[in-house]
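Following the hints, complete the assembly by docking chain B onto the known chain A.
For the record, the sequence lines run as chains A and B. Letter by letter, the first sequence follows residues 97 to 464 in the numbering used here. Letter by letter, the second sequence follows residues 3 to 598 in the numbering used here.
By construction, these hints were calculated from the structure, which means they are not laboratory data. Not one of these hints is a red herring.
If the Cβ cut is set under 10 angstroms, some of the chain A residues that face chain B in the computed set are:
1. ARG248
2. VAL344
3. PRO440
These figures come from a predicted structure and were not determined experimentally. Every residue, glycine too, gets a C-beta built ideally from N, C-alpha and C.
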Amino acid sequence: MRVTCTQENLAAGISVVQRGVSARTTLPILTGILLEASGAGLRLSATDHEIGIQATVPGDVARPGAAVLPARTFGDMVRKLPPGEVELEVDTASHAAQLAWGRSQFVIHGYPPDEYPLLPETPREGTLSLDQGLLRDLVRRTQFAVSHDETRPVLTGALLTLEGDEARLVATDGFRMALARTRLDGGAGAGVSAIIPGRALSELGRLLDPGAGPARVHVGPNQAFFELGAVRCLTRLIDGAFPNYRQVIPQEYRTQVRVSTGAFLDACERAALISRDGPPVVRLDLAPGRMVVTSAAPEVGKGYEELPAEIAGEPLEIAFNARFLSDGLRALEAETAEFACTGPLTPARIQAAEGDGYFYIVLPLRTL
Amino acid sequence: MAAGRPPVRRLDPDTINQIAAGEVVERPASVVKELVENSLDAGASRIHVEVRGGGIQSIRVVDDGWGMGPDDAGLALERHATSKLRSAADLATVATLGFRGEALPSIAAVARLTLVTRPPEAVEGTEIRAEGGRITRRAAPSPPGTSVTVTDLFYNTPARRKHLRPAAAEAAAITHAVTALALAHPRVAFSLVHDGREVLRTPGSGQLAATVAAVWDPGAARRMVPVDGGLGKIRVTGLVARPETARASRARQHFTVNARPVESTAVAAGLERAYRTLLPPGRFPAAVLHLMVPEGTVDVNVHPAKREVRFVDPAAVSRAVELAVTEGLSRAGAGPLLAPGAPPAAGSRPEPRTEPGVQVADAGALYAPWDAPGPGRDDPAAGAVMIPEAQRAPVTEGAAQVDFERLEPLGQVLDSYIVARGPDGLYLVDQHAAAERLVYEAALDLKPGGPVSQALLVPVALELDPEAFARWESVRGDLEELGFAFEPFGAGRELLVRAVPYVLGETADTALVSDVLDLALRGPAEPDPLARREEFGRVLASCKAALKANQALSREEMADLLRAMGRARQPYYCLHGRPTVLRLGRRELERRFGRG
Chain A
97 MRVTCTQENL AAGISVVQRG VSARTTLPIL TGILLEASGA GLRLSATDHE IGIQATVPGD
157 VARPGAAVLP ARTFGDMVRK LPPGEVELEV DTASHAAQLA WGRSQFVIHG YPPDEYPLLP
217 ETPREGTLSL DQGLLRDLVR RTQFAVSHDE TRPVLTGALL TLEGDEARLV ATDGFRMALA
277 RTRLDGGAGA GVSAIIPGRA LSELGRLLDP GAGPARVHVG PNQAFFELGA VRCLTRLIDG
337 AFPNYRQVIP QEYRTQVRVS TGAFLDACER AALISRDGPP VVRLDLAPGR MVVTSAAPEV
397 GKGYEELPAE IAGEPLEIAF NARFLSDGLR ALEAETAEFA CTGPLTPARI QAAEGDGYFY
457 IVLPLRTL
Chain B
3 MAAGRPPVRR LDPDTINQIA AGEVVERPAS VVKELVENSL DAGASRIHVE VRGGGIQSIR
63 VVDDGWGMGP DDAGLALERH ATSKLRSAAD LATVATLGFR GEALPSIAAV ARLTLVTRPP
123 EAVEGTEIRA EGGRITRRAA PSPPGTSVTV TDLFYNTPAR RKHLRPAAAE AAAITHAVTA
183 LALAHPRVAF SLVHDGREVL RTPGSGQLAA TVAAVWDPGA ARRMVPVDGG LGKIRVTGLV
243 ARPETARASR ARQHFTVNAR PVESTAVAAG LERAYRTLLP PGRFPAAVLH LMVPEGTVDV
303 NVHPAKREVR FVDPAAVSRA VELAVTEGLS RAGAGPLLAP GAPPAAGSRP EPRTEPGVQV
363 ADAGALYAPW DAPGPGRDDP AAGAVMIPEA QRAPVTEGAA QVDFERLEPL GQVLDSYIVA
423 RGPDGLYLVD QHAAAERLVY EAALDLKPGG PVSQALLVPV ALELDPEAFA RWESVRGDLE
483 ELGFAFEPFG AGRELLVRAV PYVLGETADT ALVSDVLDLA LRGPAEPDPL ARREEFGRVL
543 ASCKAALKAN QALSREEMAD LLRAMGRARQ PYYCLHGRPT VLRLGRRELE RRFGRG
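Bound conformation, chain A alone:
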């Protein structure tokens, strides 16, 4: 294999795929990056069996071929090279890669490329196209609600549904739930529904580029594929049934509040600050014409804030995990939030006052 490309392109490609390299693995070859030179340029791949990331770097391929090079050494080395042309030549027998520029060269020992796991190609059928910016919004507004509790795997991912002309992403950790949706242009594959691992979502969130063209998405029975121009991300899907969230969302609420999203968010963040070492409890006292937000930590201090708000329905005192509230408010994209709640055992809802299809459900705390 012999290929020439620019240091800048190569370094950028490595940075993209390096996040797919397994951090902890017993298989040495998975600490490497797969390089494949072909007519399309130089393709870099990394996988940890859970997710895979690929990036194609423009280059002049003199001799096609493949190599696996240790990600850290190779990546750090390329980043340290001077800008300009770099020639990469791999000896098929010894798997040693020679990195040459100007009158200098380095040799890096690699692994046999045929031992590297194969990343399946994106099927041509059943792909739909979605604006990268919209997809990124879906991810950003739900990903934080994904559970980190490995004992309940289905909740460690978000449910992606593509139905009719709507794409929807739902995440919950059992205490709160975020649901974001967006319109699909063109026909979607009917009734696609899959649980995307939280880790893949966070990588996707980083890789999606609103300025670039549309993403091509394919959800298969075991894997999901996201083609983002020169970058491709694939992930295994989480097996199992996602909780039926529709039936736990109340249709009616006893108390409704319209309040500035930013003011409410700031108040919640201040409440969390005072209880840095303890449970972040924020208490809401809702009465007609009055919204009082209080917090207290015995060893640290306490806070009292009155926020201008419109309150409808019955007066209510209720407590929440301040972090949970902040997460939901941060995901809103509206100046005015509508906050609705009923009591200590009933889900509360946060959404934009002028609904954009996004909503966030959060369960209250009971306090002593």
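The following block gives chain B in isolation, referenced to the frame of chain A:
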């Protein structure tokens, strides 16, 4: 019936004595105990016990006490002759160990007994021999004090002799009895020789730790912490074991009440309660507890062997023991440390805390009087063995508190232990053990305004079996106080769990919730609501902490855990009495790198 009804006869004195002896003299160990108690009552400062053949062949007890003149000595072998009690009224205030006047005549009734005695001021001693009801007395040379020799125990009561256990078992019982007496009287130097071999020797220095070191092993004293406390007029002193050194039996629990070795369920219950969250079931701490209670609040005349005492207010005694031991344990602070670190620099000692039950005392001053002989502060051998470190942590230095606020996590090993840098060395924290302790405390120490319960988005449906369902109804209130919220569901034994204790935190899931309830509803029915709550808290903690086992933690999570430990009441032990934190101090590091 040829024989007919036998006539009623008055028993002869020998038979009466043999029957009475049965109550006092059950086995060789009881002979030893009676004789040693006489020596103690005679003000002895040294008591030497020598036995042969498990005490069946011979028992000899020699003391340096007051001794007796010829007339007293003769009287001593008559039943209910005693110098210690004049009337029944004195019984209520009896302060001597023996008082029934039964011991010597009872022993003389079932064995051959020789007593040689001389008061220090007398020129000549007296020898009394008793055998088969015949008592002879003659003048004889004797060192000051009294020596009693008992041979051929039960020679005239073959049935009883037949029931004796093998000599080795009887010898063990004697050792136990002498150990109990020695621990009760640290000022008296005891020695015990069995078949020519010295089994036990205490220094009689008045220091309990030295006595403990002598009767058990030199390390035993260092594995214990001092107790000095009480309640009202009940004073409790002594030594109790650090939780991680608990044993599988109560064999090393010795209690005295007003200097009398006793068995007391009230004392044992108080001790057990003090360790309740520190030990798993079936583990018992070694303990030597001396109770001083006002005369008149304890009845010692319950049993001829005088082991069991009866308190007027057993609950107060239990509570006094619990308080004193709890305080002793929390004062001892940083339990088991890997090795003694250099004492913290003057300015680095943590500020004394004000929370109840937690006091930071100057460790050196606190423990100095308890120092056992042997390896100590300046002995490089102290802490030489890494495992089991707890047994090696010298009381003098191991007792320093850990300043968790100042620990900086460096990383994690084996996904199980946090490695942290502290001002005085390297620290290792068992994340699972620590989490368990923290969850437990959080579950029970609810603060006003603090969160109790987190509602669930999707209620957990549980179907209970009939037994668990019956139990659930009786403990529902306790579980709801802990933070569960239930809703009966359907007509059968189904429940919807709508909310879970906040301490289950952001990881509550169906399996965890049903695990907790399953365990909580399956344990033994505890009638005391407080104990029941603690039991539920324990279940909650072990289920929740299980999630922390073998889990990679971020640097931030580690820092959080360490900070939380700094706020815990008892951060040093998990609920099973295992240590949560170990320290590798400067001295240990230097020693291991050959710089010591």
